[in-house]
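Residue numbers (our numbering), protein chains in the order written: chain A, 1 to 310; chain B, 1 to 335; chain C, 1 to 537.
One or more hints might be untrue.
[Stated by the list, open to error] Below 27 Å or equal to it, Euclidean Cα-Cα: the simulated DSS-like pairs (lysine-lysine) are:
id	chain 1	residue 1	chain 2	residue 2
1	C	368	C	336
2	C	169	A	52
3	C	161	A	40
4	C	336	C	76
5	C	345	C	360
6	C	148	A	40
7	B	295	C	278
8	C	403	A	40
9	C	316	B	295
10	C	197	C	217
11	C	278	A	40
12	C	259	C	161
13	C	259	A	40
14	C	392	A	157
15	C	76	C	472
16	C	298	C	197
17	A	40	C	392
Source of the hints: derived by calculation from the structure; they are not laboratory data.
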Amino acid sequence: MKGYFAKRLGYMLITLFVIVSITFFLMQLLPGTPFTDPEKLSEQQLELMNEKYGLNQPVAIQYVNYVRSLVTGDLGISYQYEGRSVNEILSERIGPSALIGFQALVFGALAGLALGIISALHHNSFLDYGSVTIAVLGMSIPSFVFAALMQYFIGVKLGWLPAALWQGYEYTIMPSLALSVTVIATVARFIRTEMLEVLGQDYILTARAKGISEKAVVFRHIVRNAIIPVVTMLGPLAVAIMTGTLVIEKIFSVPGLGEQFTKSVLVNDYSVIMGVTLMYSALFIGVVFIVDILYGVIDPRISIKGEHKL
Amino acid sequence: MSLPKQEITKDLFVHAPLESGKSEELPGTPVTFWSEAWRRLKKNRGAFLGLITIILFSVMALIGPFLTENSYMDQDLALSNLPPKAAGLEWLGFDGSDVNGIDQYAARGINESFWFGTDEFGRDLWTRVWKATQISLFIAIIAALLDLIIGVVYGGISAFYGGRVDNVMQRIIEVLIGIPNLIVIILFILILEPGITSIILAMVITGWVGMARVVRGQILQLKGQEYILAARTLGTSNSKLIWRHLVPNVMGSIIITLMFTIPTAIFFEAFLSFIGLGLQPPLASLGVLIEDGYKSMRFFSYKLIFPAIVISVIMISFNLLGDGLRDALDPKMRK
Amino acid sequence: MAMVVLVLTGCNFDSAKETDSNSNKNKETSEGKQVLNMVEASEIPTMDSAHAHDNVSFTVLSNVNEGLYRLGKEHKPELAMASDDQISEDGLVHTFTLRDANWSNGEPVTAADFVYAWQRVFKETGHYASMFETASILNATEILEGKKPVEELGVKALDEKTLEVTLAKPAPLLGQLLTFPTFLPQNQKFVESQGKKYALEASNVIYNGPFMLSEWKHDTSWKYKKNPDYWDADNVTLAEINVFVVKEAATQLNLYETKEVDSINLSSASVDQYQDNKDFMSIADSEIFFLRFNHNHKALGNENIRRAIDMSWDKKAHVETILNNGSLPLYGLVPKDFSSSPDGKGFRELNGDFNHGTIKEAQKYLAKGLEEIGQDSVKVTLTVSAVEGNDKTAEYLKSQIEKNLPELSVDIKLVPVEQRYELESAKEYDMVISAWGPDYIDPMTYIGMWVTDGSANRMDYSNTDYDALVEKINNENDPAKRYQMMLDAEKMLFEDAAIAPLYQRGLAVLQRSNIKGLVRHPSGPDFSFKWTRIEGK
Numbered sequence: 001m002k003g004y005f006a007k008r009l010g011y012m013l014i015t016l017f018v019i020v021s022i023t024f025f026l027m028q029l030l031p032g033t034p035f036t037d038p039e040k041l042s043e044q045q046l047e048l049m050n051e052k053y054g055l056n057q058p059v060a061i062q063y064v065n066y067v068r069s070l071v072t073g074d075l076g077i078s079y080q081y082e083g084r085s086v087n088e089i090l091s092e093r094i095g096p097s098a099l100i101g102f103q104a105l106v107f108g109a110l111a112g113l114a115l116g117i118i119s120a121l122h123h124n125s126f127l128d129y130g131s132v133t134i135a136v137l138g139m140s141i142p143s144f145v146f147a148a149l150m151q152y153f154i155g156v157k158l159g160w161l162p163a164a165l166w167q168g169y170e171y172t173i174m175p176s177l178a179l180s181v182t183v184i185a186t187v188a189r190f191i192r193t194e195m196l197e198v199l200g201q202d203y204i205l206t207a208r209a210k211g212i213s214e215k216a217v218v219f220r221h222i223v224r225n226a227i228i229p230v231v232t233m234l235g236p237l238a239v240a241i242m243t244g245t246l247v248i249e250k251i252f253s254v255p256g257l258g259e260q261f262t263k264s265v266l267v268n269d270y271s272v273i274m275g276v277t278l279m280y281s282a283l284f285i286g287v288v289f290i291v292d293i294l295y296g297v298i299d300p301r302i303s304i305k306g307e308h309k310l
Numbered sequence: 001m002s003l004p005k006q007e008i009t010k011d012l013f014v015h016a017p018l019e020s021g022k023s024e025e026l027p028g029t030p031v032t033f034w035s036e037a038w039r040r041l042k043k044n045r046g047a048f049l050g051l052i053t054i055i056l057f058s059v060m061a062l063i064g065p066f067l068t069e070n071s072y073m074d075q076d077l078a079l080s081n082l083p084p085k086a087a088g089l090e091w092l093g094f095d096g097s098d099v100n101g102i103d104q105y106a107a108r109g110i111n112e113s114f115w116f117g118t119d120e121f122g123r124d125l126w127t128r129v130w131k132a133t134q135i136s137l138f139i140a141i142i143a144a145l146l147d148l149i150i151g152v153v154y155g156g157i158s159a160f161y162g163g164r165v166d167n168v169m170q171r172i173i174e175v176l177i178g179i180p181n182l183i184v185i186i187l188f189i190l191i192l193e194p195g196i197t198s199i200i201l202a203m204v205i206t207g208w209v210g211m212a213r214v215v216r217g218q219i220l221q222l223k224g225q226e227y228i229l230a231a232r233t234l235g236t237s238n239s240k241l242i243w244r245h246l247v248p249n250v251m252g253s254i255i256i257t258l259m260f261t262i263p264t265a266i267f268f269e270a271f272l273s274f275i276g277l278g279l280q281p282p283l284a285s286l287g288v289l290i291e292d293g294y295k296s297m298r299f300f301s302y303k304l305i306f307p308a309i310v311i312s313v314i315m316i317s318f319n320l321l322g323d324g325l326r327d328a329l330d331p332k333m334r335k
Numbered sequence: 001m002a003m004v005v006l007v008l009t010g011c012n013f014d015s016a017k018e019t020d021s022n023s024n025k026n027k028e029t030s031e032g033k034q035v036l037n038m039v040e041a042s043e044i045p046t047m048d049s050a051h052a053h054d055n056v057s058f059t060v061l062s063n064v065n066e067g068l069y070r071l072g073k074e075h076k077p078e079l080a081m082a083s084d085d086q087i088s089e090d091g092l093v094h095t096f097t098l099r100d101a102n103w104s105n106g107e108p109v110t111a112a113d114f115v116y117a118w119q120r121v122f123k124e125t126g127h128y129a130s131m132f133e134t135a136s137i138l139n140a141t142e143i144l145e146g147k148k149p150v151e152e153l154g155v156k157a158l159d160e161k162t163l164e165v166t167l168a169k170p171a172p173l174l175g176q177l178l179t180f181p182t183f184l185p186q187n188q189k190f191v192e193s194q195g196k197k198y199a200l201e202a203s204n205v206i207y208n209g210p211f212m213l214s215e216w217k218h219d220t221s222w223k224y225k226k227n228p229d230y231w232d233a234d235n236v237t238l239a240e241i242n243v244f245v246v247k248e249a250a251t252q253l254n255l256y257e258t259k260e261v262d263s264i265n266l267s268s269a270s271v272d273q274y275q276d277n278k279d280f281m282s283i284a285d286s287e288i289f290f291l292r293f294n295h296n297h298k299a300l301g302n303e304n305i306r307r308a309i310d311m312s313w314d315k316k317a318h319v320e321t322i323l324n325n326g327s328l329p330l331y332g333l334v335p336k337d338f339s340s341s342p343d344g345k346g347f348r349e350l351n352g353d354f355n356h357g358t359i360k361e362a363q364k365y366l367a368k369g370l371e372e373i374g375q376d377s378v379k380v381t382l383t384v385s386a387v388e389g390n391d392k393t394a395e396y397l398k399s400q401i402e403k404n405l406p407e408l409s410v411d412i413k414l415v416p417v418e419q420r421y422e423l424e425s426a427k428e429y430d431m432v433i434s435a436w437g438p439d440y441i442d443p444m445t446y447i448g449m450w451v452t453d454g455s456a457n458r459m460d461y462s463n464t465d466y467d468a469l470v471e472k473i474n475n476e477n478d479p480a481k482r483y484q485m486m487l488d489a490e491k492m493l494f495e496d497a498a499i500a501p502l503y504q505r506g507l508a509v510l511q512r513s514n515i516k517g518l519v520r521h522p523s524g525p526d527f528s529f530k531w532t533r534i535e536g537k
């Protein structure tokens with residue numbers, strides 16, 4: 001067990017290192033300078049600034065320097081926010097993103113679960129079609145359209161919730177809801193399929209034959225067995241939420257990580273791009289790792305050996 | 001089981017007559033597998049509807065732009081921002097009146113009808129929506145096919161050779177899967193010059209990994225199946241083995257994965273357009289139109305509604321079809 | 001679990017109390033209390049005046065700090081920290097007497113603060129160190145070139161309240177230039193005590209302007225409070241200004257409607273719906289948009305072809321239908337309502353329109369040009385980045401040019417902003433849609449761009465007569481003569497059809513009608529809040 005953890009951890013570090021390297025060199029290919037508004041910079045001034053930030057050194061040396069400071073936990077200094085450290089920027093931005101992401105995940109998973117269960121138990125009925133339609137709509141309508149509609153109707157027309165900004169808890173609700181749409185849809189569909197499969201299993205037949213009440217059959221046997229594989233969805237869901245934050249945060253003016261990333265990419269803020277990439281990757285790899293562990297814990301059929309199952 | 005107890009005796013069993021020659025033969029042909037799948041697909045109303053819609057929309061994407069005389073890039077500012085109007089569909093809101101209820105066609109003295117309205121350049125949105133559908137589908141299908149080719153080759157090699165090769169190839173995949181694809185895609189589009197090719201390439205660069213994993217997993221699983229072993233033992237030739245057993249079984253998962261890759265690709269393209277990394281104008285994809293429409297949704301909601309409906313219907317159809325195909329092709333789901 | 005901990009500790013907003021006070025504030029605003037709520041599309045990139053180079057930073061810095069001069073209500077320089085500006089006979093030495101004013105930490109503002117801040121711009125490789133060169137401060141050029149140490153910059157503290165600024169040549173624009181945030185003072189003791197943290201948070205800066213930054217939540221909001229120790233505090237009415245960072249135009253509009261904010265810029269899609277609203281106003285800005293032609297290009301190097309392109313399209317329809325945000329068609333280099341001659345006539349009105357022809361004329365010029373280069377047709381690319389709807393402008397241009405000049409075909413190349421800058425400086429383009437905002441309020445901020453090998457030229461345009469004229473303008477002290485020469489320079493530029501002007505940006509603003517005296521400047525800071533007040537209903 002210990003050996004397994006060490007090995008996995010080793011792989012995770014290698015993966016992160018590869019990601020850092022790939023991103024670093026990809027970024028060298030990005031056209032333009034990291035200095036915002038270079039319209040007014042003379043070439044002479046540009047040279048001086050490149051020298052100041054060490055950007056005139058060979059790429060290899062810049063790379064070594066970056067990795068060296070990375071090892072000490074220093075992610076460098078942002079270019080667009082003169083003088084502010086990337087560590088500080090990230091630690092400020094992660095909070096809002098994590099909060100709405102977490103709320104979206106919890107709410108989305110619960111709502112999706114309910115929808116999926118209803119749908120499967122009333123297979124091929126109107127309830128089923130209704131749930132499936134909701135789920136598929138959720139997957140197919142771009143989240144920014146949802147977000148914009150919610151902002152206008154709930155925020156402006158009805159005035160139930162603040163339309164945007166980040167001033168208190170009620171400001172987190174709408175972005176979380178908008179973000180949860182994809183989660184609801186994904187989970188509902190997944191649960192439905194799983195449940196239908198479980199429904200066809202022999203042990204359900206056995207349970208029914210034993211004369212256990214329908215309620216008990218549904219909750220003790222069907223739902224419980226169908227929920228287990230949902231854990232494997234955590235990885236893709238984390239990605240969906242990450243992608244979602246990129247646009248949702250912009251629409252609702254949430255000072256989060258996704259918004260920061262889009263902005264940094266467009267202005268070539270090298271150190272922030274690197275920082276956010278690293279953070280996202282670490283998060284993602286972490287989720288995959290946790291899923292593997294969890295899966296081993298929940299489903300005794302899967303034993304943790306050297307390699308994780310697909 | 002509720003059957004009454006019955007003693008089982010030897011004389012209950014009789015030897016089946018042995019027909020020489022038949023034992024070497026496997027019943028059924030690949031055609032049967034597909035026709036069986038087709039039969040099951042037809043029974044699934046949702047999936048069948050999805051299939052029909054996809055065909056319908058693909059056809060519209062090809063002929064839609066030619067149903068009016070306007071080209072997707074012809075501008076005429078005199079016709080700018082006209083609401084949708086279609087003779088006979090007035091009751092559905094296609095009456096040419098804007099947010100304030102003023103009939104813009106009457107107010108500006110325009111006789112022509114624009115079914116989906118026009119944008120600020122006076123371009124016919126009907127033509128543009130179908131042209132955009134064409135481009136979005138093109139991007140998605142090419143990206144999915146490239147994913148498929150790379151994925152199948154990579155996954156196939158990995159699973160076929162196994163051992164060291166498989167090990168190394170899997171480590172590479174493990175690293176690649178850890179990279180948030182979104183970030184790589186965005187960086188790639190910035191580095192390559194924006195355009196259809198870049199978008200496709202950027203999506204393929206990370207997209208094939210999923211397909212490779214599916215193919216590898218399937219082949220590995222099949223390799224260990226008893227019936228493959230049995231077929232081998234019975235002396236089935238390698239090519240027969242591949243075509244009769246491996247292909248139909250792997251094909252199922254591949255097609256299903258493909259059905260889910262296409263909508264994802266459409267979605268991703270729309271997303272990229274939203275953050276400003278789209279196509280070269282005047283070319284437009286559904287994503288570009290939705291992004292445009294989003295900006296003016298309050299007052300020119302039709303600019304958002306039509307492309308949004310088209311993209312949603314396409315996504316729904318692919319998802320329904322994918323689900324149906326999974327049911328039809330996955331032997332586990334056979335009832 | 002880690003997530004939950006993050007969630008509990010990491011959110012950026014304060015407790016619910018904060019929210020309550022905010023909603024109260026909004027109510028107060030509508031009841032006429034002196035609180036203003038604004039939006040900005042971006043976070044403050046820096047509060048360090050040595051580094052500032054964008055409008056948001058300029059706006060904040062100019063409202064919380066004050067230099068020797070400040071931009072007045074009519075955008076004319078007014079004495080601010082300096083109470084007197086004595087100019088020597090030869091115009092080379094300015095002696096400023098400073099007011100009795102204090103920093104927000106109680107320290108007096110001294111002449112040494114200016115010397116320190118100005119030298120620091122060079123030491124810190126500030127973005128706008130070149131402004132010292134523009135202002136003709138003695139030795140600025142040599143210091144930038146590394147030929148002289150920064151201590152030789154022409155600025156000296158004669159005593160605590162007397163500052164002597166020496167120039168390389170007389171500079172009639174000095175007062176105007178000194179309003180630029182790069183020339184703001186900084187207190188050496190304070191800056192050095194903060195070390196690397198200087199200007200990173202609201203508490204790491206000190207203020208000598210009409211307002212103080214009392215709260216700064218990064219990428220979320222910031223808050224100004226009236227500075228009670230400001231020398232002219234009696235004339236400052238606003239008690240508080242809240243600025244929220246909101247990137248989406250649609251979101252800004254929603255917040256205006258829910259009364260969270262009091263002033264926004266409308267996007268073109270919403271203008272039609274609001275232009276009859278009493279809160280609506282259209283304001284001409286001074287940022288210009290134009291086509292840079294690559295003068296090395298075979299076809300675009302031809303004056304007649306350039307002129308044909310400039311004349312071939314409908315500039316008026318473009319601003320009215322496509323942009324629809326108060327922008328104005330531009331037929332010159334210097335925008336309208338930006339500068340006026342010493343006798344009070346507008347620059348644009350004096351010089352009139354250039355290359356404002358008909359399509360027929362355009363076709364004639366094109367035919368002539370094509371004959372000169374010996375080609376039947378020309379294919380060019382139009383490089384553009386999707387900022388401020390310029391991608392739309394490009395689409396319109398393409399369609400207009402191809403329709404009216406069938407011999408030309410245009411391919412649009414949409415690139416990110418940073419890439420566009422790079423392509424521009426490398427001259428790897430045929431035509432590119434560029435923009436230029438003025439650094440100071442004088443036509444030279446535009447005219448100076450086009451000298452041979454100038455850093456803003458970026459299209460290899462070269463006309464020795466033009467260069468000579470610009471040189472003469474720079475050395476002319478008589479305002480009337482100087483103005484005439486600037487008018488001539490613009491004429492010369494358009495005789496060459498060096499660029500094709502597109503439009504002058506305008507702002508479609510929605511602003512509560514009880515807000516008075518909110519000054520929008522054409523250059524430097526976007527707003528001055530010093531004279532703003534909120535009147536009762």
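Each hint, compared with the structure:
1. The hinted pair formed by residue 368(C) and residue 336(C) fails the criterion: a straight-line CA distance of about 32 Å is larger than 27 Å.
2. Distance hint between residue 169(C) and residue 52(A) is unfulfilled; the C-alpha atoms sit about 31 Å from each other, more than 27 Å.
3. Under the criterion of a C-alpha separation no larger than 27 Å, the hint pairing residue 161(C) with residue 40(A) is inconsistent with the structure, at around 33 Å.
4. For the hint linking residue 336(C) to residue 76(C), the alpha-carbon distance of about 16 Å falls within 27 Å, and the restraint holds.
5. Between the alpha carbons of residue 345(C) and residue 360(C) the distance comes to roughly 33 Å, so the proposed pair goes past 27 Å and is violated.
6. Proximity of residue 148(C) to residue 40(A) is assessed by CA-CA distance (about 23 Å); at most 27 Å being required, the pair is judged to hold.
7. Between residue 295(B) and residue 278(C) the CA atoms are separated by roughly 23 Å; this keeps the pair inside 27 Å, and the hint holds.
8. Of the pairs offered as hints, the one joining residue 403(C) and residue 40(A) is violated, with about 35 Å between alpha carbons and a cut-off of 27 Å exceeded.
9. The suggested pairing of residue 316(C) with residue 295(B) holds, with an alpha-carbon distance near 23 Å, which does not exceed 27 Å.
10. Restraint check for residue 197(C) and residue 217(C): the C-alpha separation of about 16 Å stays at or below 27 Å, so the hint holds.
11. A C-alpha spacing of about 38 Å is found between residue 278(C) and residue 40(A), which places the hinted pair above 27 Å, so the restraint is violated.
12. A threshold of 27 Å between alpha carbons decides the hint, and for residue 259(C) with residue 161(C) the separation of about 46 Å lies outside it, so the pair is violated.
13. A C-alpha spacing of about 37 Å is found between residue 259(C) and residue 40(A), which places the hinted pair above 27 Å, so the restraint is violated.
14. Distance hint between residue 392(C) and residue 157(A) is unfulfilled; the C-alpha atoms sit about 31 Å from each other, more than 27 Å.
15. Straight-line distance between C-alpha atoms of residue 76(C) and residue 472(C) comes to about 24 Å, which keeps the hinted pair within the 27 Å bound.
16. The straight-line distance between the Cα atoms of residue 298(C) and residue 197(C) is roughly 53 Å, outside the 27 Å bound, and the hint therefore fails.
17. Between residue 40(A) and residue 392(C), the direct Cα distance comes to roughly 24 Å. Compliance with the 27 Å bound is thereby established for this hinted pair.
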